[in-house]
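S.K.: Listed here are the chains, written in short residue letters.
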Amino acid sequence: MANFSLKVNGKTEQIDVDPATPMLWVLRDHLKLVGTKFGCGIAQCGACTVHLGDNAVRSCQLPVSAVGEQTITTIEGLSENGDHPVQKAWIEEDVYQCGYCQAGQIMNASAFLKRNPNPSDVEIEDAMNGNICRCGTYTRIKKAIKNAANTSNA
Amino acid sequence: MTLIKTTYNRRSFIKSSALAGGGMVIGFSWLASCNPTPEQVNNMPKEWFDINGFLKIGDNGMVTIMSPNPEIGQNVKTSMPMIVAEELDTDWDNVIVEQAPLNTDIFQRQLAGGSQSIRAGWQGLRMAGATARHMLIAAAAEAWQVPASEITTAAGIISHKASNKSAGYGEMASSAATMAVPEEVTLKDIKDFVIIGTDRRNVDGPNIVTGKSLFGIDIQEEGMLIAMIVHPPAFGFSYKSMDTESVKSMAGIKDVFPIDVYPEGMEKQWSDGGSIAKMVAIVGESTWQCMMAKKALNVEWEKTSTLESTSGHDEALTKLLNTSAKEAARKDGDVAKAFKSASQIIERTFSAPFLAHNTMEPMNFYADVTAERAILNGPIQTPEFLEKSLASRLDMPVEKIDIKMTRMGGGFGRRLYGTFGVEAAVISQKMQAPIKLVYSREDDMTQGTYRPTYKVKYKAGLDKDGNLIAWHVKGAGSNDDLIFENRFPAGAVDNYLAEKFILDTNVTTGAWRAPRSNFVAGAEQAFIDEVAEAAGKDPIEFRLELFDRVIKSPVGDPENNDYDPKRYAGVLKLVKEKSGWDGNQKNGAARGVSAYYCHNSYVAQVLDLAKDTNPPKVDKVWCAVDCGIIINPMAAKNQIEGGIIDGIGHATYSQMTFEDGKPQQSNFDTYRLIRHKEAPKEIESYFVDNGIDPTGLGEPSLPPVIGALSNALYRATGQRHYNQPFITEKPLIG
Numbered sequence: 001m002a003n004f005s006l007k008v009n010g011k012t013e014q015i016d017v018d019p020a021t022p023m024l025w026v027l028r029d030h031l032k033l034v035g036t037k038f039g040c041g042i043a044q045c046g047a048c049t050v051h052l053g054d055n056a057v058r059s060c061q062l063p064v065s066a067v068g069e070q071t072i073t074t075i076e077g078l079s080e081n082g083d084h085p086v087q088k089a090w091i092e093e094d095v096y097q098c099g100y101c102q103a104g105q106i107m108n109a110s111a112f113l114k115r116n117p118n119p120s121d122v123e124i125e126d127a128m129n130g131n132i133c134r135c136g137t138y139t140r141i142k143k144a145i146k147n148a149a150n151t152s153n154a
Numbered sequence: 001m002t003l004i005k006t007t008y009n010r011r012s013f014i015k016s017s018a019l020a021g022g023g024m025v026i027g028f029s030w031l032a033s034c035n036p037t038p039e040q041v042n043n044m045p046k047e048w049f050d051i052n053g054f055l056k057i058g059d060n061g062m063v064t065i066m067s068p069n070p071e072i073g074q075n076v077k078t079s080m081p082m083i084v085a086e087e088l089d090t091d092w093d094n095v096i097v098e099q100a101p102l103n104t105d106i107f108q109r110q111l112a113g114g115s116q117s118i119r120a121g122w123q124g125l126r127m128a129g130a131t132a133r134h135m136l137i138a139a140a141a142e143a144w145q146v147p148a149s150e151i152t153t154a155a156g157i158i159s160h161k162a163s164n165k166s167a168g169y170g171e172m173a174s175s176a177a178t179m180a181v182p183e184e185v186t187l188k189d190i191k192d193f194v195i196i197g198t199d200r201r202n203v204d205g206p207n208i209v210t211g212k213s214l215f216g217i218d219i220q221e222e223g224m225l226i227a228m229i230v231h232p233p234a235f236g237f238s239y240k241s242m243d244t245e246s247v248k249s250m251a252g253i254k255d256v257f258p259i260d261v262y263p264e265g266m267e268k269q270w271s272d273g274g275s276i277a278k279m280v281a282i283v284g285e286s287t288w289q290c291m292m293a294k295k296a297l298n299v300e301w302e303k304t305s306t307l308e309s310t311s312g313h314d315e316a317l318t319k320l321l322n323t324s325a326k327e328a329a330r331k332d333g334d335v336a337k338a339f340k341s342a343s344q345i346i347e348r349t350f351s352a353p354f355l356a357h358n359t360m361e362p363m364n365f366y367a368d369v370t371a372e373r374a375i376l377n378g379p380i381q382t383p384e385f386l387e388k389s390l391a392s393r394l395d396m397p398v399e400k401i402d403i404k405m406t407r408m409g410g411g412f413g414r415r416l417y418g419t420f421g422v423e424a425a426v427i428s429q430k431m432q433a434p435i436k437l438v439y440s441r442e443d444d445m446t447q448g449t450y451r452p453t454y455k456v457k458y459k460a461g462l463d464k465d466g467n468l469i470a471w472h473v474k475g476a477g478s479n480d481d482l483i484f485e486n487r488f489p490a491g492a493v494d495n496y497l498a499e500k501f502i503l504d505t506n507v508t509t510g511a512w513r514a515p516r517s518n519f520v521a522g523a524e525q526a527f528i529d530e531v532a533e534a535a536g537k538d539p540i541e542f543r544l545e546l547f548d549r550v551i552k553s554p555v556g557d558p559e560n561n562d563y564d565p566k567r568y569a570g571v572l573k574l575v576k577e578k579s580g581w582d583g584n585q586k587n588g589a590a591r592g593v594s595a596y597y598c599h600n601s602y603v604a605q606v607l608d609l610a611k612d613t614n615p616p617k618v619d620k621v622w623c624a625v626d627c628g629i630i631i632n633p634m635a636a637k638n639q640i641e642g643g644i645i646d647g648i649g650h651a652t653y654s655q656m657t658f659e660d661g662k663p664q665q666s667n668f669d670t671y672r673l674i675r676h677k678e679a680p681k682e683i684e685s686y687f688v689d690n691g692i693d694p695t696g697l698g699e700p701s702l703p704p705v706i707g708a709l710s711n712a713l714y715r716a717t718g719q720r721h722y723n724q725p726f727i728t729e730k731p732l733i734g
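So the sequence lines, in the order shown, correspond to chains A and B.
In terms of UniProt numbering, the first sequence opens at residue 1 and continues consecutively.
In terms of UniProt numbering, the second sequence opens at residue 1 and continues consecutively.
Any given hint could be a false lead.
[To be verified] Here are the simulated lysine to any residue pairs, SDA-like style, with alpha carbons at most 25 Å apart:
(1) 677(B) x 130(A)
(2) 578(B) x 714(B)
(3) 319(B) x 504(B)
(4) 143(A) x 207(B)
(5) 295(B) x 30(A)
(6) 146(A) x 66(A)
(7) 248(B) x 3(A)
(8) 611(B) x 530(B)
(9) 7(A) x 220(B)
(10) 146(A) x 673(B)
(11) 294(B) x 66(A)
(12) 677(B) x 127(A)
(13) 294(B) x 42(A)
(14) 566(B) x 689(B)
(15) 32(A) x 223(B)
(16) 677(B) x 118(A)
(17) 146(A) x 686(B)
(18) 294(B) x 20(A)
(19) 143(A) x 684(B)
(20) 294(B) x 63(A)
(21) 677(B) x 112(A)
(22) 295(B) x 81(A)
(23) 677(B) x 61(A)
(24) 146(A) x 677(B)
The set of hints was computed from the structure by calculation and includes no laboratory data.
This structure is a prediction, so every number in the text was calculated from the model and none was measured.
All chains should be modelled from the sequences, with the hints used to inform the complete structure.
M.R.: Next up, the structure:
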């Protein structure tokens with residue numbers, strides 16, 4: 001066990017855990033931030049995607065000891081009032097079915113749009129290919145990302 | 001308007017709900033914003049009045065509607081309350097939806113399965129709203145001393161024109177709650193619907209996009225421990241012994257012990273299918289610590305039955321299809337004789353592997369069991385059956401068992417089988433503490449309860465004019481007999497024979513989205529395409545001719561046929577028109593068509609594969625649906641799109657295989673699911689507007705699309721694909 005000071009969603013959190021503990025479980029079990037989801041545990045599905053600095057990363061493969069000074073943003077901290085353009089676009093397009101994978105989809109999409117504010121369809125598909133949606137909301141996700149890109153650029 | 005008696009479980013409308021004021025209020029419209037303003041908080045009613053078990057009305061006119069059925073992503077949490085709100089005649093923006101717990105006194109069929117929630121709930125939900133509306137009118141009639149028959153309602157306002165009086169529902173709620181429940185109520189005319197048939201966004205949407213705790217796996221309770229299981233590594237193995245010493249001393253681990261989940265003599269429910277009698281439980285302070293202990297633990301298993309392999313399943317199914325069934329499932333005319341006189345005979349065999357459900361949220365459940373009572377909460381499609389299983393396993397009356405339902409991160413049939421709920425209860429009982437059981441993805445994927453593996457052999461005979469004169473189908477599946485003998489083309493062919501076989505296996509199976517249809521539709525629709533080609537006919541015209549035959553002169557008693565040929569032909573004609581069908585090729589795309597009836601709904605699809613990409617990509621799917629009245633078009637289309645993508649994905653990429661009883665796939669690195677790049681670029685959905693009572697949409701769009709894809713693949717590549725998954729070494733679509 002070891003002590004870590006983490007910057008999560010703009011707050012500093014102190015925790016005492018095994019250094020190998022993935023951020024996914026630090027967030028869910030220790031910080032009670034359950035918006036970040038467990039899907040596969042091997043970085044294949046993207047349900048656990050969070051932002052490390054500005055980058056979308058798989059929190060199931062990110063040991064708490066590797067985070068250091070870098071900031072972590074989860075779905076709970078993406079915006080103060082749930083009004084990030086991507087969140088608004090998801091509501092507008094009524095994207096979700098079961099909704100379980102969508103936090104990961106949104107976190108990946110929001111980091112991607114920051115890098116590439118005017119993506120083509122192919123660029124969206126490439127960027128999102130690591131996020132599985134078992135309900136099959138892919139066409140709506142793509143629409144929502146385009147919609148968010150347009151809103152952000154307006 | 002329809003006048004109906006409220007005999008339908010009148011107690012639902014009479015009993016004052018025990019739910020009043022309890023439960024988590026899930027906000028809708030302005031209530032749904034993450035941080036309600038003080039003004040919004042002030043707008044919450046000071047008092048709620050129970051009108052009946054389905055709804056309560058606040059003193060300011062806000063309405064809380066209970067959503068009775070489990071929500072697995074089929075959107076019933078929005079669509080079922082919409083039906084109540086419609087008949088209540090309230091403004092949807094003033095509705096708050098709450099998930100009801102299991103309560104068999106008030107609600108019927110609290111089950112998510114078979115695409116039946118809307119169909120089975122339709123009448124009761126309408127009546128719940130209409131009864132409440134009637135009581136509000138009665139309260140106003142008494143207050144104003146005017147005849148109830150002269151009172152009207154609209155969007156939560158009660159009015160009496162002659163006396164120029166009006167009041168909001170909130171003002172009349174307290175006295176309405178004391179009114180007698182009417183013996184009969186008037187339901188709205190379909191043409192007067194203002195909520196049903198309009199786009200309404202998912203009531204949980206704002207909570208989903210902000211990561212609120214919604215799912216079973218998100219549950220956090222005071223003093224709660226985490227539990228994980230270790231189940232046998234292969235079908236055919238059982239628990240023998242283990243060495244717990246080294247693991248028990250690991251950081252955060254509270255206990256490690258074997259559990260008899262299903263001991264001898266326990267009264268099991270059908271929902272206990274796929275159960276594993278004995279396994280190991282690991283309980284600890286955190287999930288990661290349990291995962292580490294799971295890795296370190298050495299369990300000894302012993303072989304207690306056959307160790308089966310995929311090659312063996314395949315051979316056994318083939319063998320079954322080479323025999324004759326003792327009894328035909330359906331027989332019209334004489335196929336043997338007809339084949340002798342046929343000008344052409346086409347015979348093809350299709351197969352499909354086992355599939356895992358792979359809900360994105362792995363199985364989990366919260367349980368807090370004491371000697372006096374059991375509290376359970378989590379993702380379950382069959383709460384009523386879980387309660388019965390628990391009553392037997394815990395030896396506790398159902399009155400002492402309280403089951404709540406969370407939103408589910410997918411169901412697809414997997415959560416019909418609530419063995420994980422029983423496991424959680426047994427672990428909590430042993431620990432004398434509240435626990436949350438969480439499966440790893442590997443536990444989830446290798447536990448069983450799979451879509452069965454199937455094989456089907458079709459033989460068709462055509463006369464010299466290309467008319468279908470004989471049809472012989474033989475189907476077999478693991479623990480499942482596959483064939484719906486009274487579905488199309490039964491009734492359309494003079495000589496028809498259906499035979500079915502079951503292969504007994506110890507690889508456990510269960511209902512997987514659109515059971516049996518999920519394979520047989522694709523096989524049958526691909527076969528019909530090949531038969532139409534042999535007959536030299538357009539595939540849509542060939543099918544329409546057959547439906548026409550059933551309409552005009554059906555073979556056998558038409559009552560025996562499961563389907564309505566007019567509605568079937570209707571969706572085909574609609575998709576033909578919408579897709580601009582002009583044969584199998586259009587604008588450089590390879591097209592395939594398919595139509596199927598299942599779960600009381602009719603679906604026809606045309607699928608275009610773009611040939612200018614390598615491998616060809618699913619460019620567009622047109623889908624025509626007849627499921628009667630559409631409750632929420634925006635959500636209905638979502639279900640259709642999801643079913644199409646799910647069908648294309650599983651038929652193309654997914655399979656579970658076995659070597660000596662051991663699953664060869666255990667996570668998404670070895671089990672392929674469809675991803676963004678492989679999804680169709682566009683899906684267009686169209687509905688037949690016929691005012692027929694609604695049927696479900698969770699399943700019907702999945703089965704036929706596999707046929708449409710097969711047929712388009714043939715046009716694109718010149719190859720027919722008979723065995724799923726279609727993918728070979730070379731990507732077929734993507």
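S.K.: Next, verify each hint and record whether it holds.
M.R.: These are the hints, each one checked on the structure:
| no. | hint | in the structure |
| --- | --- | --- |
| 1 | 677(B) x 130(A) | holds, 10 Å |
| 2 | 578(B) x 714(B) | holds, 22 Å |
| 3 | 319(B) x 504(B) | holds, 13 Å |
| 4 | 143(A) x 207(B) | holds, 20 Å |
| 5 | 295(B) x 30(A) | holds, 21 Å |
| 6 | 146(A) x 66(A) | violated, 34 Å |
| 7 | 248(B) x 3(A) | holds, 24 Å |
| 8 | 611(B) x 530(B) | holds, 21 Å |
| 9 | 7(A) x 220(B) | holds, 22 Å |
| 10 | 146(A) x 673(B) | holds, 24 Å |
| 11 | 294(B) x 66(A) | holds, 24 Å |
| 12 | 677(B) x 127(A) | holds, 10 Å |
| 13 | 294(B) x 42(A) | holds, 16 Å |
| 14 | 566(B) x 689(B) | holds, 14 Å |
| 15 | 32(A) x 223(B) | holds, 14 Å |
| 16 | 677(B) x 118(A) | holds, 18 Å |
| 17 | 146(A) x 686(B) | holds, 24 Å |
| 18 | 294(B) x 20(A) | holds, 16 Å |
| 19 | 143(A) x 684(B) | holds, 14 Å |
| 20 | 294(B) x 63(A) | holds, 19 Å |
| 21 | 677(B) x 112(A) | holds, 16 Å |
| 22 | 295(B) x 81(A) | violated, 41 Å |
| 23 | 677(B) x 61(A) | holds, 24 Å |
| 24 | 146(A) x 677(B) | holds, 15 Å |
Checked against the numbered hints given earlier, this structure breaks hints 6 and 22; the rest are met.
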